[in-house]
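Peer 1: Sequence:
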Amino acid sequence: MGMPNFITFEGPEGAGKTTAIQAILPEIEKLSQKQVLLTREPGGNQMAEAIRDLLKVQTDPAIDSWTEVFLLAAARREHVVQTILPALEAGQVVVSDRYLDSSLAYQGGGRDLGLKSVQEINDFAIQNPQTGKPVLPDLTIYFDLPVEVGLERVFKNRTEKIDRLDKEKLSFHKKVRESYLALAKKEPKRIKLIDANQPKEAVLSAVNDVIQEYWR
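Count the sequence shown with the numbering used here and you get residues 1 to 216, in order.
In short, the hints are calculated from the structure, not lab data. Backbone N, C-alpha and C define an ideal beta-carbon position, used for all residues, glycine too. Just so you know, not all the hints are guaranteed correct.
[What the hints assert, rightly or not] Quick list of in silico lysine to aspartate or glutamate cross-link-like pairs, DMTMM-like style, CA-CA up to 20 Å:
#1 Lys169 x Asp138
#2 Lys174 x Asp112
#3 Lys192 x Asp97
[Stated by the list, open to error] Simulated restraints, written as ranges between beta carbons of each label pair:
#4 Lys167 x Asp138: 21 to 27 Å
#5 Ser205 x Ala90: 27 to 33 Å
#6 Asp60 x Asn128: 23 to 29 Å
#7 Lys167 x Lys189: 33 to 39 Å
#8 Ala182 x Asp138: 19 to 25 Å
#9 Ala62 x Arg216: 24 to 30 Å
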């Protein structure tokens with residue numbers, strides 16, 4: 001098992017992944033003995049953050065689903081070229097709060113656009129311009145929990161940060177989770193599933209176990 005230089009965290013709404021990332025970063029720095037770059041999607045640099053702001057805008061009618069895919073892919077391309085690759089080439093460990101799997105789950109699954117179609121579009125977005133190879137995470141930690149539990153957390157604890165995805169129908173969120181689980185089943189060596197429907201301390205312990213295993 002190789003040491004992961006590119007780590008992504010994934011999960012549905014209310015899974016607690018962002019909190020877990022902050023808690024586990026010191027351990028990643030300690031184990032890797034490298035500088036760690038924390039970034040996010042959509043975002044990670046000026047252009048990608050601008051696209052993130054655009055995607056947050058509530059429109060009537062709602063943004064077209066394919067437009068959403070293309071905007072996310074554009075933000076991801078900027079993220080890969082301007083942020084992720086330079087950091088990896090400088091010998092850093094990159095930790096990203098969301099990456100390609102989010103588009104596959106939310107747009108491919110949640111929007112019913114198909115994982116294959118969304119993947120094909122993003123194949124261009126994640127391509128290394130120097131080698132032509134895809135820039136993929138070495139390790140993905142996926143936080144899983146029942147949709148109803150996650151949404152209850154969102155509307156109870158994050159009322160000031162409710163966005164348009166949070167407000168989607170329950171059926172949308174269930175398809176997102178099903179897609180994530182399908183991806184985890186397809187790539188068990190890369191995607192490690194964490195039961196996020198348990199106390200915070202237990203979740204962080206499980207994440208730490210996964211990290212420790214990769215550097216053991």
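Peer 1: Keeping to a limit of 20 Å between CA atoms, is the pair of Lys169 and Asp138 held or broken?
Peer 2: violated (33 Å)
Peer 1: Falls inside 23 to 29 Å, the C-beta gap from Asp60 to Asn128?
Peer 2: violated (39 Å)
Peer 1: Cβ-Cβ distance between Ala182 and Asp138: within 19 to 25 Å?
Peer 2: Holds: the Cβ-Cβ distance is about 21 Å, inside 19 to 25 Å.
Peer 1: Taking the CB of Ser205 and the CB of Ala90, does the distance hold inside 27 to 33 Å?
Peer 2: holds (31 Å)
Peer 1: For the range 33 to 39 Å, tell me whether the beta carbons of Lys167 and Lys189 fit it or not.
Peer 2: holds (35 Å)
Peer 1: Does 24 to 30 Å hold as the CB distance between Ala62 and Arg216, or does it fail?
Peer 2: violated (47 Å)
Peer 1: Assuming the hint says 21 to 27 Å, is it satisfied by the Cβ distance from Lys167 to Asp138 or not?
Peer 2: violated (34 Å)
Peer 1: Is the straight-line distance between the alpha-carbon of Lys192 and that of Asp97 20 Å or less?
Peer 2: Measuring from Cα to Cα gives roughly 15 Å; hence the hint holds.
Peer 1: Tell me if the straight-line CA distance from Lys174 to Asp112 falls inside 20 Å.
Peer 2: holds (12 Å)
The structure does not agree with the numbered hints 1, 4, 6 and 9 stated previously, though it agrees with the rest.
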